[in-house]
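Student: In case you want the letters, here they are:
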Amino acid sequence: MRTHIKAKVLEVITAILPLVVAVVILQVAVIRMPGLVFLQFIIGAAMVIAGMILFLLGVEIGILPMGKALGAGVPRRGSIYWVIGIALLIGFAATVAEPDVLVLTGQVDEVSGGTIASNVLVPVIAIGVGFFVAMAMLRVLFNFPIAYLLTAGYVIVIILAFFAPVEFIPVAFDAGGVTTGPMAVPIILSLGLGFSSVLSGRSALSDGFGLIGLASIGPVIGVMVMGMVLS
Amino acid sequence: MSDVVIWDGIGHTFWGVTKALLPLLVLFLIFQFSVLKLPRSYVFNLLKGALLAVPGLTLFLQGVSNGFFPAGQSMGEALGNIRAQWLLIPFGLMMGFLATWGEPAVRILSSQIEEASGGSIRRRIVLYAISSSVALFVALGMARIVYGIPLLWIVIPGYLLAIGMLWFSERSVVAVAFDAGGVATGPMVVTFVLAIAVGIASAIEGRDPIIDGFGLIALVALAPILTIMVVGLILRLRLRRKEE
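Heads up: the sequence lines are chains V and W, in that order.
For the record, in the first sequence the residue sitting at position 197 is 294 according to this note's numbering, with numbers rising by one throughout.
For the record, in the second sequence the residue sitting at position 38 is 49 according to this note's numbering, with numbers rising by one throughout.
Heads up, a few of these hints could be off.
[Claimed, not checked] Derived Cβ-Cβ restraints for the label pairs, each shown as a range:
| # | chain 1 | residue 1 | chain 2 | residue 2 | range |
| --- | --- | --- | --- | --- | --- |
| 1 | W | Pro101 | V | Leu107 | 28 to 34 Å |
| 2 | V | Gly132 | W | Lys253 | 31 to 37 Å |
| 3 | W | Leu250 | V | Thr111 | 28 to 34 Å |
| 4 | W | Pro168 | V | Gly203 | 26 to 32 Å |
| 5 | V | Leu235 | W | Asn92 | 50 to 56 Å |
| 6 | W | Ile136 | V | Ala214 | 40 to 46 Å |
[Stated by the list, open to error] Result set (DSBU-like, lysine-lysine): computed pairs, CA atoms no more than 30 Å apart in a straight line:
| # | chain 1 | residue 1 | chain 2 | residue 2 |
| --- | --- | --- | --- | --- |
| 7 | V | Lys105 | W | Lys59 |
| 8 | W | Lys30 | W | Lys48 |
| 9 | V | Lys103 | W | Lys59 |
| 10 | W | Lys30 | V | Lys105 |
| 11 | W | Lys30 | W | Lys59 |
| 12 | W | Lys48 | W | Lys59 |
By construction, these hints were calculated from the structure, which means they are not laboratory data.
Idealized CB from N, CA, C, for every residue including glycine.
Full structure from sequences and hints, please.
Tutor: What follows is the structure, given as structure tokens:
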């Protein structure tokens with residue numbers, strides 16, 4: 098355990114330090130941001146390092162095995178409704194709570210001049226994610242190739258991009274990336290890995306992965322459709 | 012030192028992180044008692060781990076939003092005013108790489124890929140692949156801001172290419188590539204790199220920070236999808252040539 102923690106500390110320091118050093122060099126050489134902003138950056142960097150060590154340890158010890166156990170337990174309940182229900186709930190909840198989603202909805206508010214309230218948009222995005230996580234788990238269950246789902250999803254995105262109002266396009270694409278944040282990733286990832294591990298004839302790589310990729314499509318479609326409805 | 016606002020909104024962040032974890036905890040416990048019935052000491056360890064993750068992620072997000080975000084904005088505004096604007100492109104390359112390198116979800120995905128592949132795909136390779144592809148596309152995003160190229164001109168061909176390639180790629184490569192696209196857009200890139208881009212877009216005349224700055228995340232999400240599939244196809248072609 099102790100060597101494990103030591104390895105994590107080292108990993109996180111090598112992950113964060115290069116960025117911090119680059120900013121410090123730029124600050125000294127060219128940028129000269131206000132002293133207070135720079136001080137906050139340094140304190141923030143210490144918090145980021147400490148937080149990431151705890152988070153990655155917690156994910157490894159707790160969240161990943163928990164999600165895998167849950168994913169592996171789902172097929173044992175037999176019913177397909179459990180699969181859909183759990184996927185919807187996990188996808189929805191992880192998105193609603195995602196801090197970056199709130200940042201995004203603030204932007205949308207600005208773009209739309211306040212016509213799209215965040216208490217409407219957040220559920221729209223979350224339902225989009227929940228729906229696609231459910232689709233992703235069903236495709237593993239029925240052994241349906243991921244290529245069809247991805248193609249259908251992105252073809253819809255491209256078609257909508259030509260019809261949605263221009264100012265919604267960047268926000269819509271951003272919504273797809275933003276929703277799969279640091280807490281949603283280990284949860285959705287481990288759910289898929291556990292789920293595919295107990296179904297016979299599934300490969301860990303090609304069936305365990307793919308849930309996050311599919312989950313990213315939902316919000317893009319959701320935001321574009323909202324933009325079209327409003328204009 | 013009364014002006015340091017590093018702890019502002021931490022309660023809110025903490026609550027958000029807890030809410031994201033809660034459904035997993037509840038569902039896990041329901042399944043534990045009804046189906047799984049894992050040994051009690053093991054479950055206790057899992058819960059301890061999950062509880063460790065909550066303050067960890069809270070601290071991380073707080074540091075990013077209150078420490079990195081204002082610094083990014085301030086850097087962006089300063090850099091938007093430099094005369095040699097093409098310098099922003101190599102700058103984007105560097106920042107894109109470093110921010111993705113520090114993204115926690117990218118690390119989680121990389122080690123899970125190593126585990127699932129039985130060690131044949133090394134964690135470090137995945138890390139380098141995702142980080143360098145994001146670097147390239149952030150550089151592209153900077154070029155877009157400097158020269159005013161519309162987002163759709165890059166994103167639509169990019170996704171068409173992705174759709175085309177996924178029919179020629181192995182199923183495992185496709186699944187991993189699209190997942191990598193989802194994880195690359197984490198808090199480090201979204202708050203820090205985005206703040207820089209928006210700062211630059213608002214400093215350059217004739218650029219709308221919303222339309223020109225924000226599209227960057229779409230490019231970041233596209234980057235690993237294309238790069239991992241290209242690498243997968245190259246490896247496959249090489250294998251085929253060896254067999255012949």
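Student: Quick one: which hint numbers does this structure break? Sort them smallest to largest.
Tutor: The structure breaks only hint 2.
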